[in-house]
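Q: Residue numbers (the numbering used here), protein chains in the order written: chain A, 756 to 1247; chain B, 756 to 1247.
Hint data in this document are derived by calculation from the structure and do not stem from the laboratory. Among the hints, erroneous ones may be present.
It does not matter which identical chain is used: a pair holds within one copy or between any two.
Claimed, not checked - As a list, the in silico PhoX-like pairs of lysine-lysine whose alpha-carbon atoms are at most 20 Å apart:
1. 812 <-> 802
2. 861 <-> 1087
3. 827 <-> 869
4. 889 <-> 1018
5. 858 <-> 827
6. 1092 <-> 802
7. 1052 <-> 869
8. 890 <-> 776
9. 812 <-> 941
10. 1185 <-> 1213
Number of protein chains: 2
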Amino acid sequence: MGKEIPSRSEDYSLWYNELVKKADLAEHSDVRGCMVIKPYGYSIWEKMQQALDGMFKETGHVNAYFPLFVPKSMFEAEEQNAEGFAKECAIVTHYRLKNDPEKKGKLIVDPDAKLEEELVVRPTSEAIIWSTYKKWIQSYRDLPLLINQWANVVRWEMRTRLFLRTAEFLWQEGHTAHANADEAVKETKQMLDVYATFAEQYMAMPVIKGKKSEGEKFPGAIDTYCIEGMMQDGKALQAGTSHFLGQNFAKAFNVQYAGKDGKLEYVWGTSWGVSTRLMGALIMAHSDDDGLVLPPKLAPIHVVIVPIFRTDEELAKVSDKVSTIVKTLREKGLSVKFDNRDTHKPGFKFAEWELKGVPVRLAIGPRDLENGTVEVARRDTKEKQVMKLDDVASLIPELLNTIQENIYNRALTFRNSMITTVNSFEEFKKVLDEKGGFVSAHWDGTAETEAFIKDQTKATIRCIPLDAAEESGSCIYSGKPSGRRVLFARAY
Amino acid sequence: MGKEIPSRSEDYSLWYNELVKKADLAEHSDVRGCMVIKPYGYSIWEKMQQALDGMFKETGHVNAYFPLFVPKSMFEAEEQNAEGFAKECAIVTHYRLKNDPEKKGKLIVDPDAKLEEELVVRPTSEAIIWSTYKKWIQSYRDLPLLINQWANVVRWEMRTRLFLRTAEFLWQEGHTAHANADEAVKETKQMLDVYATFAEQYMAMPVIKGKKSEGEKFPGAIDTYCIEGMMQDGKALQAGTSHFLGQNFAKAFNVQYAGKDGKLEYVWGTSWGVSTRLMGALIMAHSDDDGLVLPPKLAPIHVVIVPIFRTDEELAKVSDKVSTIVKTLREKGLSVKFDNRDTHKPGFKFAEWELKGVPVRLAIGPRDLENGTVEVARRDTKEKQVMKLDDVASLIPELLNTIQENIYNRALTFRNSMITTVNSFEEFKKVLDEKGGFVSAHWDGTAETEAFIKDQTKATIRCIPLDAAEESGSCIYSGKPSGRRVLFARAY
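Kindly generate the complete structure, drawing on both the sequences and the hints.
A: So, in structure tokens, the structure goes:
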């Protein structure tokens, strides 16, 4: 069928790239580092957006929209943040093209249209948003401010991977302002929980909640919390972050509020985001050598129905029965596709819908009509069963729930098998090289050790798990004392 | 209450600006020409998006996402289009900032990070999308391609107005590809109809469907169709456009398909879009001197309930009853806000919710509890009535329908009163100056006449209405023969 993809064991990276392209999720554009999200890929992203947006609104947040451009002087106000992103910013310097006097029909940048101040294409929106919050916040009555934005952002990347690392990507960024530190910390953790719930319940991807080390935290944050997932190749993937910003941005932009006592105080902030990177996580958490495996809750098509027929008459009879099934399943809230193309054989269609990760496939032919049955195939396990037509309405929704759970449990079992506790640097390197996954080890808490380990092994501290038990030990690298284990891994 | 806005008769333009700001819809940002869409304004835009997105999907379209940046050489491929937008393009020339060696903590553009080819921030996406379609279209089986994108675009504007004209705005842009001209024209007209239906049924704004003159059409299009609305001050507003692109972009990007006979042919295209400009239209079509008037179908809050009380005990009793009403109305699918703030008086709250355009206000106090009644106020007519509490569940949804219809009918009556037929240039100028609105007049069809009239009166040809009857006449300016009347107006 010309849509085969390489196997994961052959070349995991190539398998990923080919799957993304052949399942019509995304492709590289002719614009360096930027991707095109194709309709099928985008429809999965829309499902993610819908679920997340609902969860944000349930926790009291509202959406708004802030400018794409950040004037350079505004961008540099919070120095840590500016320094952190300066090396990967797209910069607008001119606002006009003009005809090239030397080449008819061609355009050149008009040197007379140079901006007085350059504009940074937002890599993240703290600067523009806090400069706006300054106008919105005067008194404690204006707090908390709980705002989210769905937007595109640009971070210039030299080495790109579809969904995982692109110069432009889509995301949501929450930016909240609070009257005190406690409330802001509570918000930071609440949003981390929202992300973890989304990852586990919708994406069927177990995640570890933790805190980043100083070296890995967001530029401008006091603390960065994260959720970390484990991909099938043993590499970790940061799937979402939630930052406690302290008063850093409030001080940079002079955002103060008058308390009940009239005293002026700097506002406390948080920010949190997830992006189209989640698409990469979703793919690498579940898919197999035949293509995408989608959890039903994020599948744009829940059920595909493939008719088996030789003649037009047979197709007509099958179609007649299928229309009843389609109606029944749609009434149950399911998205159903009837693939009645007469240009392709059933085997081709089976492979195509497997590649696209549709959770359940029904096949129905003349013999099924006689017997009042239908063949039901699960995408996750590849199991097939014969089901009575009368049972379809009640059993298919149940089956989808089963699949959602199974995909999660499978990923959980795998993830748990990929956490290895080590007590020496030798062991650490051996596990990384031979098994991969998370390595739970003692660390002395210094940036030096963190950097050394990263340099020598390419493994980074993914997080200090929130549920890490206190445990006395010694750092695998320096031998210095450590109070708890942290999780290292090579990561996307 | 400090939230008063000027009256429309005093200064329509100032009324608009103040309303937009004080009703918390949007504000100017510190980024030249860019606006911040505030949460309340954004929630109206979300309602618009939801309705439009549903209509696009019902007509077979799917969403996707294409890059923000367009390389200059790609941008200039379709010359008409490139020339049309060249003068208002934001240009990215560098991809990195670095520390300013002369000022600690400041950043400068890194001259070593100059792009080999400049990137245009998309003012519209035909170029990037058709360069992608080239890869997606080989045969007639790949057609039609029916894709929409929700995105931000940038058109550098010197004089900006919130929502109406901003350097960055949000929009959707549909881009479709077809095997023949007929199908593409049908699509162009279908989407015009979708826009007209949306404007009339959701925005409650009557629109005239028509075709643009050569001088007013989209750069790169063969034909531009539009919907034109009439604002309260007698100025027209283009609310949406749908373009038949012919084979212009297919030729510029060499997009050909093999027909059933194997012969290669250029693909036919359309594009169509509406933007956050619709927010401006919505405001100026219905609102009054007390603030926003929202059609219920786009109102983020349908019903606001204001308790009337003197003591905490009274508030408790009223709140108890209100919670039942809230529950009942929410079960009917309505969005209900209970404004139980004890920091503001009812009169203040009434004015605030009127400013924000909430269609129905309920006020309920101890006397109402005794009588089993509630006071119901309509935002559109300001009429009040006393309603039995038992009737609220059935009558409020009905009332919202009545309001939706009334707002539309009022705007329709006004719009119809603002179409004036004239037969001389004297009359034409008099109507424009003294009455405004659409002026229906004969035009000789030449660009010269169109330009002269625009130059002398600031009126442009809004459209050649699709339902314009054939009528022999002579051009009001040149006296030359004309086959039908066109609509002129001063416009936003």
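Q: Each hint should be assessed against the structure and marked as holding or not.
A: Tested hints:
no. : hint          : in the structure
1   : 812 <-> 802   : both (16 Å within a copy, 15 Å between copies)
2   : 861 <-> 1087  : neither (56 Å within a copy, 59 Å between copies)
3   : 827 <-> 869   : both (14 Å within a copy, 17 Å between copies)
4   : 889 <-> 1018  : within (17 Å within a copy, 63 Å between copies)
5   : 858 <-> 827   : between (34 Å within a copy, 14 Å between copies)
6   : 1092 <-> 802  : within (17 Å within a copy, 28 Å between copies)
7   : 1052 <-> 869  : neither (49 Å within a copy, 45 Å between copies)
8   : 890 <-> 776   : between (45 Å within a copy, 12 Å between copies)
9   : 812 <-> 941   : within (17 Å within a copy, 40 Å between copies)
10  : 1185 <-> 1213 : within (13 Å within a copy, 77 Å between copies)
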